[in-house]
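Those sequence lines, one after another, are chains A and B.
Residues 1 to 143 (my numbering) make up the first sequence, in order.
Residues 1 to 348 (my numbering) make up the second sequence, in order.
Accuracy of the hints is not assured; some may be wrong.
What the hints assert, rightly or not - Here are the simulated lysine to aspartate or glutamate pairs, DMTMM-like style, with alpha carbons at most 25 Å apart: (1) B/K344 with A/E105; (2) B/K331 with A/E97; (3) B/K344 with A/D92; (4) B/K88 with A/E113; (5) B/K88 with A/E114; (6) B/K331 with A/E105; (7) A/K27 with B/D283; (8) B/K344 with A/E116; (9) B/K88 with A/E116.
Honestly, the hints are just simulated from the structure, not real lab data.
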Amino acid sequence: MGIPAYWRTRAQRYALVGEVCHKCGAKIFPPRDVCPECSRPASDPFTFSGRGEVYSFSTIYQPPEGFEEFVPYTVAIVKLEEGPLVTAQLTDVDPAEVHIGMPVEMVTRKLREEGEEGQIIYGYKFRPLLRNTLTPRPSGQAA
Amino acid sequence: MKPVKDVGIIGYGAYVPRYRLPASEVARVWKNGEDVLPVHEKSVPGLDEDTATMAIEAARSALQRAGVDPQLIGAVWVGSESHPYAVKPTSTIVAEALGIVPNTLAGDWEFACKAGTEALQASIGLVGSGMARYALAIGMDTAQGRPGDALEYTAAAGGAAYIVGPAEEALAVFEGSFSYVTDTPDFFRRPYQHYPQHGSRFTGEPAYFKHIQAAAKALMEELGARPEDFTYAVFHQPNIKFPQQVAKMLGFRPEQIKPGLLVGEIGNTYAGSSLIGLSATLDAAKPGDRILLVSFGSGAGSDAFALRVTEAIEERRARAYLTREYVSRRKPIDYGLYVRYRRKLHMH
């Protein structure tokens, strides 16, 4: 991806800003033009709380280009508490500790660097929830 | 100094990465295991962490505690000596991640270890003059010491974020502040150089001790306050010895600096050092407590602040992770992993 493509997706990458369907109320991530539940146009921004749980996962030892320095790392499908499934890297966790149903929370981390001279790409990852007694960050329409 | 309108801290948040390098590991590799260790261990950032990601997390907690609309924040100022880019602000990344963009000031501050408190002083001025309702000041670093140098024991990662706002909404009100600077070259890094130089013992008496004492004394004199009037005090903490020594020289008791003295467990977090000491102290404070905060930045200078904690502290504190929760989340690593995580290992 080039600079403009990363730039266009910065809100969803940094802060899990998706959409809410104003017809059926479905929470949508990543944002798209049409609600996947009711096929109506969907456009109201919605910031997800960042809380969820591991739905499935796999540990990567043979990474794609650009991710070599992070191996071994675990990629998970995370079920957000508002519903959508998101694929993301897990961080601050040893691969052996990861299990299905593990409560996680979103953090904004470095995804990769485009070489020594290129831009640094930041985005969402998930880490084990530090404490579950804390009230989650409010999710809502203020993006 | 005091602004036209009274201001205070309305939200705060800390961050410390998960990894710890025991000082004994540095001594094992470089000193045959025989050295006087300045800290027990230091925090080390993960491969996917830098000053921007760490600032974002601390600022999220600060915003959660403040409970205000991010669009009302009129400045995002990040103080650090380890900004991820040489040219391109860290502050715009933080402002974007927190939903503060686009109608805001944003900029990066540099003044060695006092870049964060410099941003805090400026926030007091901006909010206190009425130019902005709220301002976000952050001190955050991923500091590096040359392998084998004395700084390698302590150069660590972490920091804290503060949202400054009107005194009526504050969890701690600023009673006054003071700044004191001189041209003292105790520590510096030239462009394109990876590691800083320092003046060894010169970093003590003419630098750290002189500036902290001058700023602290001047502020206390301005306020007509004595050391015993403060419940707590926080001094910049480059190692365990210096803050304890300067506290004693100024007439503070060991109990007054205890809640904020984290350096033994996390190392020197540079621009984050005194500010994370303050966040740990706020985690322990009760309404009515008075706190003295004095930073030190090489080059050299100190910012001093006097705060009075309000009734709002307890409810706000419970809204986000405590400083201690990050400090106690620790995974010790050996020198080999440290070399990999800090990218001292060249693969090509």
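Broken hints, by number = Result: hints 1, 7 break, sorted rising.
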